[in-house]
Amino acid sequence: MNSNQQVGGSDISPENAPPKQHRERIAIAIVAAIVLGLTLLEANLATIGSSVGYSGNIVIFALININVILIVLLIFLVTRNVFKLILDRKRNILGAKIRSRLVIMFTAFSLIPTILLFIAAASITTTNIRSWIGGRVGVALTDALEIARKDLDADAKSMAEFASYISPKISPDKIYKPGVDSFSDLLVGQDNLTTLLVMDGGTTLARAGDAGAKVTPEIASWLRGGGGPKSAGNVVTLIGDSYAAGAVMLPGGHILVAVKSILPEQARRTRSIKEAYDEYHQVRLLDDPIRASYIAVLILITLLIIFAASWMGIYLARQITVPIQLMAEGTLRVAGGDLDVRLEYQSDDEFGYLVESFNRMTGDLKGMKANLEEANSSLSTTYEELERRTKFIETILTNISTAVVVLDRHGRIAMINRIAEQMLGVSSGFAIGKLYRDALLEEHYETVRILSREIGASGNQQVERQVELPVGGKNISVRVSLTALKDEVGGYLGLVVAFDDLSQAMKLQKVLAWREIARRIAHEIRNPLTPIQLSAERLQRKFGADHIDDPAFDDCTQTILSEVGTLKLLMDEFTRFARMPSPTLTEGDLGEVLRNTVEIFKSKYPGIRCDAVSENVSDILFDAFQMRRALTNLLENAAAALRGTGNLTVKCVRNPDLDWVRLSVADDGPGVKEEDRGHLFEPYFSRKEGGTGLGLAIVSAIASDHGGTVSVRNNLPKGALFEMEFPGHPKG
Amino acid sequence: MVEALKSGIEISFKTVIKIEKVRHGWVNESMGDAEITRSVRFDALSRIYRLVRAGKEELITDIFEALAGMTNYEVKIPVYPDPVRGNSYRVRVRTKIDRVGLTEPLRSIIFFSSFWDVETEWARGYLALQ
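Protein sequence lines, in the order shown, are assigned to chains C and S.
Heads up: the first sequence begins at 1202 in the numbering used here, then just goes up one per residue.
Heads up: the second sequence begins at 63 in the numbering used here, then just goes up one per residue.
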C-alpha cells in the first residue's frame, strides 16, 4: 500500500501525529533488523565459540542479552500500540473499533499457525533427540568403535610380537652409530607401513621407516606419560587413529617400538566412528540442555513472529482505518453542515479513490447547496413580493367599503372581506370553504345565483344590479356586481362578487336635495323677512307711542322681530348648509388643526376632559376651514351628549400603507340609539332640544367632499364613537 | 564431570594463584601471581586420556592419574618485593573451567546451559618465611 498522508490547514488529515508514528515504525524496524542481525552474528560466533574458549564467549552472552532486550523492546512497542488501541476504543475514537478488529484478526491468523508450528517443531525436536539417543544408534556406534579398536589392537599385538622378535638382534653399539644401516635391515620381510623406533623416554634414538609426522611425537608423549614397558620382556601396545604400535624394553633400558601405519582410508573411517561415538555420548549427556536450547530458540522465534505479526496487523489496520476514520469524521462534519471539509489523503489504491470521490461529492454538494440557496433566495424574494402583494390586496379588501366575496370554480367561498362579513352577516371562519348557497342568507344567495346564471348565459365577464338586500335587519340599496375570473386561456376560475352599499350615496343625494331645498327655502324665506323686520320696526317707531298703554302691541312687534331674527339665524344656517363650497385642499398639519380646535373646545367646556392624539398627519391634503368645522361639530355633538361632564378622546391617525386618514371622536356619554344611527347624518334630524339637525349633516358633507365617509358606532365600554375617514392625498 | 570427560569432551581448567602480603586494616598487597592452564580429553578408541600441561601432551591410561595431572601443580611464582621474615603472606587459589570442547553440532548449546558454569571459590592459605 503506497500512501502519502499530508496535513492540511482546516482540512481533515490523519489524526495521529505522523512524525511520532513514523519514529515508532522506524524504531520497530530497527529493532527487528538488529534482532535479526545479532541472531545471525551469534549463530556465527557460536560456531567458533569452542575454539576461542568458554570464558571468551562473554561477547556472545552479551549479544544474547542484547537480543533479549531488543525483543523485550519490540514487545513493549507492540504492547504499547495495543494498549493505545484499547484506549482509543474506550474513548470511542472513530476507527478504533474496526482497527482493533483487524488487529485481532491479523494477530489470530498469525498466532494460531505460529503456535501450532512451535508445538510441532518442539515435539519433533524432542522426539528426534530422544529417538536418536535412546535407540540402537548408541549400540551400533559402540560396536563399530569396538571393531575398529580390535583391529587396531590386533595390529598392535603383531607389532609387539615383531618388536619382541627382533629386540635380541639389536645391538646398541651397532645401531646407534651414525651411517650404519644395519637397523633398517631388521625391517626386511615387513611391509612398508611398519616403522621401528628406538626411544629413550621421549627422545628418538634410532628410526627405521616412516610412521608419519604425528605418530612419533604421540608415542613420545605416551612414553612420557608412563605408558611404555616397565621392565625387560614387558610388552605393551598403543593404538591411535592412524597407527598401531607395540613396544618392548631393550637390554639397555631403551624402548623399541614397532609401529604400523594404518591406510589413510581406514584411518578416516576410524576417526569418523570415533567422532560419531563422541558426539553420541555428548548428546546423551547434554540431552536436557540441547532440548532446552532448541525450545528457547523456537520460543524466541515464535515470539518474534507473533509480535512482528501483531505490529504488522496494527500497521495494516492503521493503513486501512486511517482513510475510514477520515471518511467518518468528514461525514460527521458534512452531516453538521460543513461542506468545506476536504480530506487530505493521497493513495493510488481504492481508499485513495474513495477519499477522492468523497472530496468530489462534498464539492458537488457545496455547489448544489449554493445553487439551492440562490434559488431559495430568489424564491424567498418572490414569496415575499407575493406576500406583500397579497397583504396589500387583503388590506385593500379589508379597508374598502365594498363587500367582496370570491367564489372558486365549484362555488365555494375562497375569500370574504371584513365589510362582506358585516354586510352579509357571516364570519370568514364559517364561510370559507363552504358552498355559497350554504354560507349566505337566502336573499343574498338568490341574488348571486341569478346574477351568476346571467353572466353564464350572457357570456359577459361582468354583470351588475342594484337591488334591495336585507343588511343588519333592514333593507338597504346595494349594487351587486359579479366578475368572472378566467385564466390566460379563458378557463373559468371563479367569481368575484362585490356588494356596494348605496345607502351612503343615496344619503349624499338626499343631502344634495336638501341643500337645494334649503337654498330655495332660504332664498324664498329670507326675501320677505327683511320687509317683515323693517315693517315691524316701523310699526314700533310710528305707532309705539300711540299704543304705549297697550302692551299687546309692543309684545306682538317684539315677537315679530324676535321670530324674524330666529328665522334669519335659521336661514343663515340653511344658507351655510346649502352653499357649502367645494373644499380647497392644501397640504398641512391636520394634527395642529386638531390641537387648536380641541384647545378652544377645552376652554369652552372645562368640565369635559379631552385628550388629543395625532399620528402621521403632518402632511395631509385637506381643507383646514372645513375640517375645523367638521371637528367642531363632532365635539359640540359629543359635548351635548355628555351634558358638560365626561371624557373625550380625539384621534387623528393615518395608515401609511393605504394613505387613509381616520379622525375619530369617542365619548363616554349615553351613546346613540340603534334606530337613530341610520338617520344621524341626515339633515334636520336631531334629538337635541333646539338642534337644527345640520351639524352632523355638515360633517357628513365635508367627509364626502374630502372623498371619505363618516360613521358612528358604540364606543366600548360606553358612549359613541364617530369616525370620519378620508384619503390623505385624494387623487384628482 | 567424569561422565562428560568419558563422553569425549575436552575440558580445560584455568587455575589462578595469587600471592599477597597481608596488610591488616588495608587492602593486601599483590606480590605475584600465576595462571596455569591444563586440559584433558579422553580418546575412546585408545582409551587413553590426553593431558596437556605446560604446553606438552601426555597420554595417560588411568583416569585418576589423568585427574591428578589436572589438579596437582608444582609452580614457582616470582614475588616482588622480596618476602621479609616475620611478615604474614597469603596465597589464594581458584580454578574454573576455561574451555569446553564439544563436537561441532553441539557447540552452540553451551550458551543455553549452566552445565559448564563451574568455578571454585578462592582457597586461601597463609605463608610465613622460616
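Bear in mind the hints are in silico, worked out from the structure with no lab data behind them.
Do not rely on the hints blindly, as some may be mistaken.
[Claimed, not checked] Between beta-carbon pairs, the in silico distance windows are: (1) L1504(C) / R156(S): 37 to 45 Å; (2) G94(S) / K1415(C): 47 to 55 Å; (3) L189(S) / G1403(C): 46 to 54 Å; (4) A96(S) / A1322(C): 42 to 50 Å; (5) G94(S) / P1465(C): 47 to 55 Å; (6) V137(S) / R1470(C): 22 to 30 Å; (7) A1414(C) / V137(S): 39 to 47 Å; (8) I98(S) / R1470(C): 57 to 65 Å; (9) F1277(C) / L189(S): 39 to 47 Å; (10) I98(S) / A1321(C): 23 to 31 Å.
[Claimed, not checked] Which stretches of chain C does chain S cover? Using the computed rule of at least three CB atoms under 8 Å from a CB of chain S, they are: (11) 1346-1357; (12) 1481-1493; (13) 1574-1586.
Ideal Cβ positions, reconstructed from N, Cα and C, are used throughout, including at glycine.
Verification of the hints:
1. For the pair L1504(C) and R156(S), the supplied restraint of 37 to 45 Å holds, since their beta-carbon distance comes to about 38 Å.
2. A C-beta distance of roughly 37 Å is found between G94(S) and K1415(C), which places it outside the suggested range of 47 to 55 Å.
3. In this structure the hint that L189(S) and G1403(C) lie 46 to 54 Å apart at CB is violated, the actual value being about 35 Å.
4. Checked against the given bound of 42 to 50 Å, the beta carbons of A96(S) and A1322(C), roughly 49 Å apart, stay inside it.
5. Separated by about 49 Å at the C-beta atoms, G94(S) and P1465(C) satisfy the suggested range of 47 to 55 Å.
6. Our hint of 22 to 30 Å for V137(S) and R1470(C) is violated, since their Cβ atoms are close to 43 Å apart.
7. The hinted window of 39 to 47 Å between A1414(C) and V137(S) is violated, with their beta carbons roughly 32 Å apart.
8. A hinted range of 57 to 65 Å for the beta carbons of I98(S) and R1470(C) is inconsistent with their spacing of about 38 Å.
9. At about 55 Å, the beta-carbon gap between F1277(C) and L189(S) misses the expected band of 39 to 47 Å.
10. Checking the proposed 23 to 31 Å range against I98(S) and A1321(C) shows it is violated: the Cβ atoms sit about 49 Å from each other.
11. Counting residues of the stretch 1346-1357 of chain C whose beta carbon lies closer than 8 Å to any beta carbon of chain S gives 4, which reaches the threshold of three, so the coverage claim holds.
12. Residues of the stretch 1481-1493 of chain C lying with their CB closer than 8 Å to a CB of chain S number 9, which satisfies the three-residue condition for coverage.
13. For the stretch 1574-1586 of chain C, the proposed coverage by chain S is not satisfied: 0 residues have a C-beta within less than 8 Å of a C-beta in that chain, short of the threshold of three.
In this structure, the hints that do not hold are numbers 2, 3, 6, 7, 8, 9, 10, 13, in rising order.
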